[in-house]
Amino acid sequence: MNQENQKSSPLGEDLGGASSAIKILVIGRHPEILATVVRLVNNNPDWIATGCQTDDEAIQAFDEQAFAMVLLGGGIPPESETRLSAYFIGCNPHIRIVQHYGGGSGLLTAEIYEALR
Amino acid sequence: MAQTIFHKAETRGHASHGWLNSHHSFSFGTYYNAERMNFGALRVLNDDTVDAGMGFGKHPHDNMEIISIPLEGDLEHKDSMNNTAVIKNGDIQAMSAGTGIYHSEYNQDKDKRVKFLQIWLYPNQRNVEPRYDQITLNLADRHNKLQQVLSPNPDDAGVWIHQDAWFNLGKFDKGTTVDYSIHKAGNGVYAFVLSGQVQINGQTLNTRDALGIWDTEGFTITATSDAEFLLMDVPMEF
Numbered sequence: 001m002n003q004e005n006q007k008s009s010p011l012g013e014d015l016g017g018a019s020s021a022i023k024i025l026v027i028g029r030h031p032e033i034l035a036t037v038v039r040l041v042n043n044n045p046d047w048i049a050t051g052c053q054t055d056d057e058a059i060q061a062f063d064e065q066a067f068a069m070v071l072l073g074g075g076i077p078p079e080s081e082t083r084l085s086a087y088f089i090g091c092n093p094h095i096r097i098v099q100h101y102g103g104g105s106g107l108l109t110a111e112i113y114e115a116l117r
Numbered sequence: 001m002a003q004t005i006f007h008k009a010e011t012r013g014h015a016s017h018g019w020l021n022s023h024h025s026f027s028f029g030t031y032y033n034a035e036r037m038n039f040g041a042l043r044v045l046n047d048d049t050v051d052a053g054m055g056f057g058k059h060p061h062d063n064m065e066i067i068s069i070p071l072e073g074d075l076e077h078k079d080s081m082n083n084t085a086v087i088k089n090g091d092i093q094a095m096s097a098g099t100g101i102y103h104s105e106y107n108q109d110k111d112k113r114v115k116f117l118q119i120w121l122y123p124n125q126r127n128v129e130p131r132y133d134q135i136t137l138n139l140a141d142r143h144n145k146l147q148q149v150l151s152p153n154p155d156d157a158g159v160w161i162h163q164d165a166w167f168n169l170g171k172f173d174k175g176t177t178v179d180y181s182i183h184k185a186g187n188g189v190y191a192f193v194l195s196g197q198v199q200i201n202g203q204t205l206n207t208r209d210a211l212g213i214w215d216t217e218g219f220t221i222t223a224t225s226d227a228e229f230l231l232m233d234v235p236m237e238f
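Going down the list, the protein sequences come from chains X and S. Residue numbers in the first sequence follow the numbering used here, run continuously in steps of one, and reach 117 at the last position. Residue numbers in the second sequence follow the numbering used here, run continuously in steps of one, and reach 238 at the last position.
These are calculated hints, taken from the structure and not from any lab test. Treat the hints with care, since some could be wrong.
Said to hold, decoys possible - EDC-like cross-link-like pairs, simulated, lysine to aspartate or glutamate; straight-line CA separation at most 20 angstroms: (1) S:Lys58 / X:Glu32; (2) S:Lys184 / S:Asp164; (3) S:Lys174 / S:Glu217; (4) S:Lys78 / X:Glu32.
Same shape as in the complex, but just chain S:
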C-alpha cells in the first residue's frame, strides 16, 4: 500500500537574509528539523527569492547533484569550470559537484527579483568529475501533459544527473488528470505544487504544498484549478 507524507507550505523552514528570502522543505543552513532531513535521495528543496542585483557569492560544493529551476527573472551563474551562463524561466540547470567546484549565482536584473528552485540530490557515485549543463525547455510541452526535464540518461529528455531520478513539470488546466508511473522500483515521488491546486490520491495540495508518495507503482494527479507542479521521482534508498 502506498505510503505518503504531506508537507504544508507553511511548515517549511524559512530564512530571510534581507536580499534573500528562502523557504526550505528540508533542513538547510540554520534551519534544522530532524523530521525534515530528506525524501530519499532528495536532500534540498529551497524556494528562493533573490533581490535585484543581489546573489550568492563564490561558494563551494562537492558530492552533490544540484539542479536549479528559475521561476521568474534571470539568474547569472559562474563557476570554477569557466562556465558563465544566464538561466531564466523555462530553463533548467544541472551541476554535478563531484570532487569539488566553486560557483556564484546572481540576479542579473537591477530592477526585478528572481525566483528559483534550488534542488540538491545525493549522487549515486561520489567524487565524479564536476560537470555543468543547462537547457531551454519548450513550455508548450508541459501544457496538460508531463514534460520530463531531468533523468539519469544523457540521451533522454532534459538534463541528466548522477542519480536514478526523473523530474517532470506540468502546467495543467483545471480538470486535467494524468496517471504517473514511478520509473524504478524503490523510487518514490515528491510532488511540489508551484501554483494552483491539485489532488493526488485524494490529498488536496495548494500552492507550495508537497506530497511524498512511495511504496507504490504510481498514482493519479488531477488539477482542481489551473495548476503548475513539479514531480521528483527519486530513489528512497541510495
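For reference, chain X alone in the conformation it holds in the complex:
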C-alpha cells in the first residue's frame, strides 16, 4: 500500500503550498497506524507525507520524490531498517532518518522538529 497524500481538495485540484512543504516518507508495517501517522503529519501545512508499507514501495517512492526526512515506524525488522537506511543515505547523504516511536500524535511533532533542528 502506497498512500499518496498530496494536499488537494476533494475534487483533486492543487491547493498550493505543497511544493514548498517538507516532504516526509513514512514507513510502517501496520496499515492503520501508518494511515494515522500520515494523516497526523499532513495536519501540519508545512509538511507533506507519503506512507509506504513495504521496502520496495519505500524505495520506489524515495527514487521518485525529494524527501527531506524518513520516519521509520513500527513493525519494520532490523534487517529492513538497515537495508533501507543504507539505500537512502547512499542516494542522499543528508537525508534525516528518524525512528518513530509511539505510533500516535503524542511524539510525532517533537520527533520531526528535533530532526529538523
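Dock chain S against chain X, hints included.
Relative to chain X, chain S alone:
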C-alpha cells in the same frame, strides 16, 4: 558527583482540550520544548484529568512501554488484544505497544473526573509482541516505605516492562526518611511529587515538582510534610 535537573510544576507544558486537562513534563502533542524531550528512557510523563464520561477514543501506539497510574476515579481501557478492564486508584497498568496496538481509555464515571499519570518509556527492544498487564497494589505497602510497582522482571514485585526500569511509590508521614539505591549502573531517577513536600539531597520539591538525579549510586529522600511521590529509575542511555 551527582547531577540533577529540577523541574518546577508550573514549568510543565499544558494542554486544555475542554474534556481533558493535561500537564506535560516533556514535549508532547503540540507542546514542544527542545530542553524537555526526555529524562533518559523516560519520554512522557503526562498528568491528566479527564471529565466525567469522557476519554481518549481508539488510537494507535507502537514501540513504547506505556504505564498508567490512576490517582482518582475509574478509567476504562479497551484494546485490540481484546482486553477490557477498569483501572482505579491503587492499580497500575502496563502495556507494551511493540509491533502495534489500538486502544481507548474512558472515564467510566458519569459524575466524577478521573486523574491519572500516563508514562511512556522507550523500550529496550523494538517490535516486541504487544502485551497488557494490570495489578492492584496494597496501598499499605507504601506507607513510610517504598513500594516497588514496576520492574523489568516478570517475577519481581509490580508489573513488568521491556526496559531496565524500576518504579517505586511512597506515601510518607512528615519526617520520614529513606535512602534510595539506584538499581543499575547508568540509571538515573526522576522523582515526581504527587502531593506534599519532600527534600532530595537538599532540594525542596513541592506538589508536582520533579527532580532528575543521575551519576550517583543513590540519594536520600525526606518528607518535610505528609507526602506522596513516585520514583522512576530509568536508563540514562538506552
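Taking the hints in turn, this is what the structure says about them:
1. S:Lys58 / X:Glu32: 11 angstroms, holds
2. S:Lys184 / S:Asp164: 8 angstroms, holds
3. S:Lys174 / S:Glu217: Distance ~25 angstroms between S:Lys174 and S:Glu217 Cα, so the pair is violated.
4. S:Lys78 / X:Glu32: Roughly 17 angstroms separates the two Cα atoms, so the pair holds.
This entry does not satisfy hint 3, going by the numbered hints stated previously; all others are met.
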